[in-house]
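Novice: This is what each chain is made of:
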Amino acid sequence: MSETRYTKSELMAIMTAKEFRDWEVAFVGIGIPLVAGITAKRFHAPNLNIVYESGCIGPQKYRVDFNVGDSSAADGALCLTSEWRVFSDMQCGYYDVGVLGAAQIDKYGNLNTTAIFGEQDYYSPKVRLPGSGGGNDIGSNIGRVVVMVRLEPLRFVEKVDYLTTPGFLDGSPGARKKAGLLGSGPVAVVTDKALFRFDPQTHEMYLDTIYPGVAVEEVKSLVGWDLKVAAGLKTAPEPTAEELAAVRAADPANLIMGGAAARKSLAGLDEYIEITIKNSGK
Amino acid sequence: MSETRYTKSELMAIMTAKEFRDWEVAFVGIGIPLVAGITAKRFHAPNLNIVYESGCIGPQKYRVDFNVGDSSAADGALCLTSEWRVFSDMQCGYYDVGVLGAAQIDKYGNLNTTAIFGEQDYYSPKVRLPGSGGGNDIGSNIGRVVVMVRLEPLRFVEKVDYLTTPGFLDGSPGARKKAGLLGSGPVAVVTDKALFRFDPQTHEMYLDTIYPGVAVEEVKSLVGWDLKVAAGLKTAPEPTAEELAAVRAADPANLIMGGAAARKSLAGLDEYIEITIKNSGK
Amino acid sequence: MTESNYASKQMTLQEAIKKYVQSGCSITFGGFIGRDCVAAAHEIIRQGIRDLTVIDDSKTDVMDLLVGAGCVKRWEGAYLGYGAIGLAPNIRRSVEKGVPLKIELEDWSNAGISMRFLAGSLNVPFMATRSMLGTDIIKYNERVKVINDPYEGEPVALVPAARPDVAIIHVQRADVMGNAQVWGFTGNDENKARAARHTIITCEEIVSTDEIRRQGNLTLIPFYCVDAVVQVPFGCHPQSCYGYYAYDVLFCGDYHEAAKDRDKFLKWLDHYVLSSEDHLAYCAKVGWDRLQKLMGMERRFNRIPG
Amino acid sequence: MTESNYASKQMTLQEAIKKYVQSGCSITFGGFIGRDCVAAAHEIIRQGIRDLTVIDDSKTDVMDLLVGAGCVKRWEGAYLGYGAIGLAPNIRRSVEKGVPLKIELEDWSNAGISMRFLAGSLNVPFMATRSMLGTDIIKYNERVKVINDPYEGEPVALVPAARPDVAIIHVQRADVMGNAQVWGFTGNDENKARAARHTIITCEEIVSTDEIRRQGNLTLIPFYCVDAVVQVPFGCHPQSCYGYYAYDVLFCGDYHEAAKDRDKFLKWLDHYVLSSEDHLAYCAKVGWDRLQKLMGMERRFNRIPG
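First to last, the protein sequences are chains A, B, C and D.
If you're matching positions, the first sequence starts at 1 in the working numbering and goes up one per residue.
If you're matching positions, the second sequence starts at 1001 in the working numbering and goes up one per residue.
If you're matching positions, the third sequence starts at 2001 in the working numbering and goes up one per residue.
If you're matching positions, the fourth sequence starts at 3001 in the working numbering and goes up one per residue.
Just chain A, same shape as in the assembly (with noise of 0.2 Å):
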């Protein structure tokens, strides 16, 4: 796996983006997973549709969004809603497929996106986290749900410090429907070293599809459970060229996937309102 052909992140975008399927309609944050949606339209899912929480359903992407207000997130949008009724058709299982990140993630695919406690506790953590957002909903209401976590020393734990969104609670059957949630739980954990899926049965995570050069003992060193690997474990093709462009279509200034160091190799206003402009299509 060749860390100059592309980045952790361009990867993790391919490999999410082909969990969409066509005519299904995404919940999707802004950055990654939003790259990923838009890459996977251009391939097998042309005709998926994207809803944001500000209450944007349906947009015709011309120009990448920074965040779910964004008024580039209502670029030509089929229709323009409401938050509040975003999340209650969200309820009403009209959302196929969400994607989520989180800091920490547990063997159930439970998710924790508000504090790392480290020495202390929720009230005085060693890390604030930004909280739920919409991600609890998303857990809690979807149908499938999309998890992008990095797969980095400490984000795998066998409990979460605080535990956000749900994925499959303490793993007992029938744990998700005793609680009263709706969705099915988590379906896929894309990293960027490997994929992971749910036991049907006892919902533990599993390792099911690694990448290209890398090991299964490193995948399991970073994983803080003592991880099962699926019989057929698969291996992922690396991102083709055609791949690859697409991601980097989405984000032309790079400021996605480039963040700050991106942002700073822009001369100014001039040249993001060019290139936007210039990537928009319109």
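None of these hints come from the bench; they were simulated from the model.
Even for Gly, the Cβ is constructed at its ideal location relative to N, Cα and C.
It cannot be assumed that every hint is accurate.
Listed next, the in silico BS3-like pairs over lysine-lysine satisfying Cα-Cα at most 25 Å (straight line) [claimed, not checked]:
no., chain 1, residue 1, chain 2, residue 2
1, C, K2097, C, K2139
2, A, K178, D, K3139
3, D, K3285, D, K3260
4, B, K1126, C, K2097
5, A, K264, D, K3285
6, C, K2145, D, K3145
7, C, K2293, B, K1278
8, D, K3293, A, K126
9, B, K1177, C, K2139
10, D, K3293, A, K264
11, A, K126, D, K3097
12, B, K1264, C, K2260
13, C, K2145, B, K1177
Covered stretches of chain D (in silico footprint by chain C; criterion: 3 or more residues with CB under 8 Å from a CB of chain C, positions within the stretch not fixed) [to be verified]:
no., stretch
14, 3052–3060
15, 3144–3150
We have chain A; now place chains B, C and D onto it with these hints.
Specialist: Okay, now just chains B, C and D, sitting in the frame of chain A:
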């Protein structure tokens, strides 16, 4: 009181109009209540805003409405929204005054618009009436409620067959609050012979204002309980020529005040359209 | 709720009613004495559908027809009357005399039933409301539950979510995906479309999806709530359709006069509905010139931009 | 809720904040990372208002400023982060280190807090939701009550109505009566305006009431919910205002970099807020040419008709 100079309906509309105050928001049903609202706007309440239960807020009336969902109810409205929202806004206390009709009313101002039982009951009534519609909601939630009902035999009863819309319930102190109701209850009952109000202590309806030419005994004979009469019983002024002109201008084809008879006297659709457009000021 | 979102959900009115409206099902209609689904009600009568449970707010015109034609078993709703015009003749005959058959009634207030649709649209089991407290509505309707609010302890009424099998909503414009745009008041339509298991959109005009995208704020019902899209111009006559045609008050008056007598009603029904093959035939009987005049009148007052 | 509806509620931003936002009050802001009330937040900081309880959904930009400036005592909400850009520096310093002071946090999900505003707007004491069940949100937040639905017996969560003292909502257009029209997504704004005891509308443009009447379907907040109307062009910068100007991603990035360091943040705050007399002075510091460019960019993608 000369029946040749004005009709009972016209008199009721004019008496009701006086209950509106300038700058109020009025939740008004179609028919005579609306004519009363339009009339009030020509005199002492030019800034009265009218709300219809279909979801129309503050229309600028170009033509008369025949029902709350007639597209004319939406002409030039300040806000076009939903039925559930205007009922919720009512529950928030945004509407100052509401006007209601009824088939039966009792001495505590409770209304029946559901069924006249006769010899039978709710399940097989003598007359099935329309039901609550928004009436119960107006009576439950709006600050001041004005009731319009003709003073005819069997309408003013000791106890309504079916309590559709709450007045002061059993009249006991705090009965409305105990039940969980928000509005302060009915303030006036406008009829074709007299105007009634409610005692602030006992909540019993009393005769407040009698119309010119009507005898107190006639009123008492039409009321099904021992009606109390205000110490300072007032006499209503005769409607002025200006008031009558305003009422008639609000219903130029006379279809609301005149009913089926007026409808038959029209030559046809062309004449109706011509009258409407000529009187619309548009 | 739709099982899948394909590119085109367009079909004929006959096909949509046949596919989604079965005898014995529960149903709700969009509009609010204006934007009523009159053409769809006619088609339900033509197809001989029976034993409907209608869950609705104030739906007199459609209900008086359906009850008179013997299609309805049960009504859960708030208002069946003609406002300024009078009581509903077929409703009265049914409830008072059992002609042609006696319908069951469950009374609600308009706010109460509106909250049932809101709950259904949110997929929550109930909603709280401050309406109906202290009245006989609650005495005769056991599904209104009065509880003490667990936060402040005050009495409040609960109403259960409405979950009709089908909603039929008439709108001004839709695309073939099912994105439905509405101008004027919106009644309870966005909630009915979401509360129902299946939603049929009838519309005055089918427009392109690009046209929908130009005014996304006016899309009241997005595609994913919709199963079928049917173009039915003048589908609300004699009711109004904001921006398209005015209320036909004289036609309604004539209907009301006829409906007072059972035989005259049956003749009216035969002439305008049963012996009219489809909505086009109904329009021809009403008269295209009459419809054009109503359209001209409405556009004088309300003209939809674009 | 307004005490009275007079013809003109127009005032300056200074007047509106002074009249309705007191130290110790609870407050919510409109928009959703876009259409944010940035100018109003600056004025709150300038007036030295303290001990605010902010009840909101995802309001990072405004909150990071207010918390850094020491105006906030308590937060009830769902999300405080910069999405793609990173965590919120002033929020972290406050919660982790108590700098400049430690704010109380009450965590909700976005759907959960949205239902609190919906309940507030309906004037009912609570709403049911299927979010937050089974998680630590409920463990640490006792105001989420899990009950068995009295109709079907299934578990469901209740959330209490939000009733902030003040809502500030920025919209594209309003008239002086307070009718506020919004294009683009609407967030929870129509519910916040109704849930709050007092509502301040800030807007890009004040238009005539006749202009409002031309597109009544776009009036999200009617006059009777509104106490004050303030014209504040570019009142959301560096956030976007749909149809008016685009998101200033580079300015936000610079803010985020500066805010990571307390001293640099205080310099930023002094330059752009404290030593700017009003929003006009802020705009001049940002640069009118920059604002015009953002306006030009937005109008290329979204142009509001009329």
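Novice: It remains to establish, for every hint, whether it holds in the given structure.
Specialist: So, going through the hints one by one against the coordinates:
With a C-alpha separation of about 24 Å, the suggested pairing of K2097 of chain C with K2139 of chain C holds against the 25 Å cut-off. For the hint pairing K178 of chain A with K3139 of chain D, the CA-to-CA distance comes to about 17 Å; that is within 25 Å, so the pair holds. With a CA separation close to 22 Å, the supplied pair K3285 of chain D and K3260 of chain D stays within the 25 Å bound. With a CA separation close to 9 Å, the supplied pair K1126 of chain B and K2097 of chain C stays within the 25 Å bound.
About 21 Å separates the Cα atoms of K264 of chain A and K3285 of chain D, which keeps this hinted pair within 25 Å; it holds. Pair hint K2145 of chain C plus K3145 of chain D holds up; C-alpha atoms about 19 Å apart against a cutoff of 25 Å. Of the supplied pair hints, the one linking K2293 of chain C and K1278 of chain B holds, its CA atoms being roughly 15 Å apart against a limit of 25 Å. Simply put, K3293 of chain D and K126 of chain A have alpha-carbon atoms about 41 Å apart, too far for the 25 Å limit, and the pair is violated.
Pair hint K1177 of chain B plus K2139 of chain C holds up; C-alpha atoms about 19 Å apart against a cutoff of 25 Å. Between K3293 of chain D and K264 of chain A, the direct Cα distance comes to roughly 19 Å. Compliance with the 25 Å bound is thereby established for this hinted pair. Between K126 of chain A and K3097 of chain D the CA atoms are separated by roughly 9 Å; this keeps the pair inside 25 Å, and the hint holds. For the hint linking K1264 of chain B to K2260 of chain C, the alpha-carbon distance of about 16 Å falls within 25 Å, and the restraint holds.
A distance of roughly 18 Å separates the Cα atoms of K2145 of chain C and K1177 of chain B; the hinted pair therefore holds under the 25 Å criterion. As drawn, the stretch 3052–3060 of chain D meets chain C at 0 residues by the rule of a beta-carbon pair under 8 Å; below three, the given contact is violated. Restraint check on the stretch 3144–3150 of chain D versus chain C: 4 residues with Cβ-Cβ distances below 8 Å, three needed, restraint holds.
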